[in-house]
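Here the protein sequences line up with chains Z and B, keeping their order. Per the numbering used here, the first sequence starts with residue -13, numbered consecutively. Per the numbering used here, the second sequence starts with residue 75, numbered consecutively.
Worth flagging that the hints you see were computed from the coordinates, not collected in a lab. Glycine residues also receive a C-beta, built at the ideal position from the N, C-alpha and C atoms. Only true hints are included.
Distance ranges between label pairs, derived from CB positions:
no.	chain 1	residue 1	chain 2	residue 2	range
1	Z	117	B	224	47 to 55 Å
2	B	245	Z	-7	26 to 34 Å
3	Z	-7	B	250	29 to 37 Å
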Amino acid sequence: MAHIADGLLSVPVLLCGAGMAAAGVGLGLRRLDDRLIPRAGILAAAVFVGSLVSIPVGPSSVHVLMSGAMGLMLGIATFPAVLVILSLQALLFGFGGLTTLGVNTVNIALPGVVFAMLLGPAIRRAGHATTRAALAGLVGALSVAGTGGLVALSLALSSSDYAPVASVIIATYVPLMIGEAFVTATIVSFLARVHPDALRPVTS
Amino acid sequence: MKRVAAALLIALALASPAAAHKLKVFATVEGQAVRGYAFFIGGGRPNGSPWIAKDAAGKVVASGTTDAEGRFAFALPAAATTDLTVTVDTQEAHVASATLAASRLAGASSTAPPAPAPADGAADAGGDEARLAALIGAAVQKEIEPLMERLEAMDARLRFTDMLSGVFLIIGLAGIGLWARGLRR
Chain Z
-13 MAHIADGLLS VPVLLCGAGM AAAGVGLGLR RLDDRLIPRA GILAAAVFVG SLVSIPVGPS
47 SVHVLMSGAM GLMLGIATFP AVLVILSLQA LLFGFGGLTT LGVNTVNIAL PGVVFAMLLG
107 PAIRRAGHAT TRAALAGLVG ALSVAGTGGL VALSLALSSS DYAPVASVII ATYVPLMIGE
167 AFVTATIVSF LARVHPDALR PVTS
Chain B
75 MKRVAAALLI ALALASPAAA HKLKVFATVE GQAVRGYAFF IGGGRPNGSP WIAKDAAGKV
135 VASGTTDAEG RFAFALPAAA TTDLTVTVDT QEAHVASATL AASRLAGASS TAPPAPAPAD
195 GAADAGGDEA RLAALIGAAV QKEIEPLMER LEAMDARLRF TDMLSGVFLI IGLAGIGLWA
255 RGLRR
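Excised from the complex, chain B in its bound form (with noise of 0.2 Å):
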């Protein structure tokens, strides 16, 4: 039994706590494209699994395969109001989705179609700040990504701690186990 223990602490100790089992989904809007991709929590993507893209009456609005990558992209339709789901499905028993709320569809779908320029000076003015306004969209969504994907993925980390107290308890049960055996004789 000695022997088992000592074991199982030194597979405690060498389990990297970054290594798990359950899939998420990552999805953000770029412009007037919805891309992302969909991971293992602890490493690895889903490749070549079907991934669908709903809104929120249930309708499809894209669906496709993952690549090698786990990646996954689609244009996003212009009578995008309601919140999108893209959801995956590993076709074994993982399927995981991401939502993207109305409103970052909306700052995307308003912003990207340059608006219609009449001549005059004014309205011409008016062009160029709705086509500042989504450069600095775009910009922003390109800084903010990797913080998002990361968020995303700290979410979900195994924590050691975690681990530390599913373990403890499993001993304490077995503890309790016993004393309550102790009890009945």
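Just chain Z, with the same shape it has in the complex (with noise of 0.2 Å):
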């Protein structure tokens, strides 16, 4: 799914991919503060063990991102929290892989932070339950379908054997789109409800 294994990309897309990372984790710790280092490492810990648990989706088992949920919670300090999260998997697990590290990154944390970005305002202000909640799913189901574009993306720019198939892409990711959308809006409406500065990354 997401985490992209070594040995499938080609060197430039890999660069890329590592260049983007790098820019992101470093403007991300520059935003880590003493309010947001320990909500970044409560909601690591929170997706490094949530994205454990997968479910067979067709032809591929699929696992939630969180990305949205983050960027919503975190803004750009997403990236260094994913990047950390990537790294444990890859070195205690061996998903995905080290050298795809920065790819892998930016393709989780870049549509999340994004999206966040461009919605994040709104579900701020929403002064209905409803709404909030419809907008942090659509947060959550867009972060996902850019992950999904994205992989797809750096597989196809690789011009490897391993080329995605839209279809199979769309039967994994949609699921998963759904699902995250309501696991997104299930935490923002909880968060909105009993702790609403949780959801503002930067201090206005």
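Assembling the complex is the task here: the two chains are given apart, and the hints tell you how they should meet.
Here you go:
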């Protein structure tokens, strides 16, 4: 799924991914303050454990990515959190690979950060709980779609023998988008009720 | 924060350590055929995914798509003297392969073809011996197959201790971050 393994991508794609990931992690680290560090740690631990539980879907098996929820709660600091999660999964369980760490970090973190940045203000302002949940679900679903698109793009750009097939990608990512939408909506609704501050990565 | 931490601990306790996300391929030689299946660690088999078998020189020996149980099978070519690699590609960035060592293939192809039996008794006894060896080979293969499957599954098992160490490593990183910021002030 979202973790591309070693040996599937070409060197330019790997270098480009590593460069983008380094930029994102650099920006994110600068944003990490006393308020965000514990939050990033707890979220990274939760996502690390949560993404180990996978569900068989069609020809593949999927697991939650939670990049939308992370984007809403951490902003750009999602990058270092995702990098830590992916490094641990690669080192401890052999998911993904060490050379593809940069590409995978960008593929997962970037859509979450971008869509949370676009829809985040509307979610924080939303007066009605249903609107908020719907918008949060949208962030979750769009982030997964973005990740799917970026995974397909990185494989297609590498012109490898393992170029993904659109129908298979859709068959595996659409159920995940729906699941992710529900998970993100639940988390955001819960946080908005008990601890609205958790949805603000930047103190304003 | 405390509530989130409690939820995390509960999730951690509920998460089955056997669930995960990586494709593996198991292949075995049975007489004159190679068969096996692809599986996701923690459950699930890729169905309808293309597979391809190549020898060490990269020549395609056989190919096809997996069935509903993720299985594949093909007849061993007579000239299989090098390692065979079976690769399964789910077409969405999951690719895995298994390699069958040449020694395992050689054993299968040398014992399986029944030796042409000439009329005299000595050669007949030799033929019987060859057949017996083939039967023993098949029986042993059948007995050790579940063991090999089990090994393959355990090799890639998610361990609870690994999960815990990952979680505590993240907590440690957060602690180091806070400490470093404290120093700067």
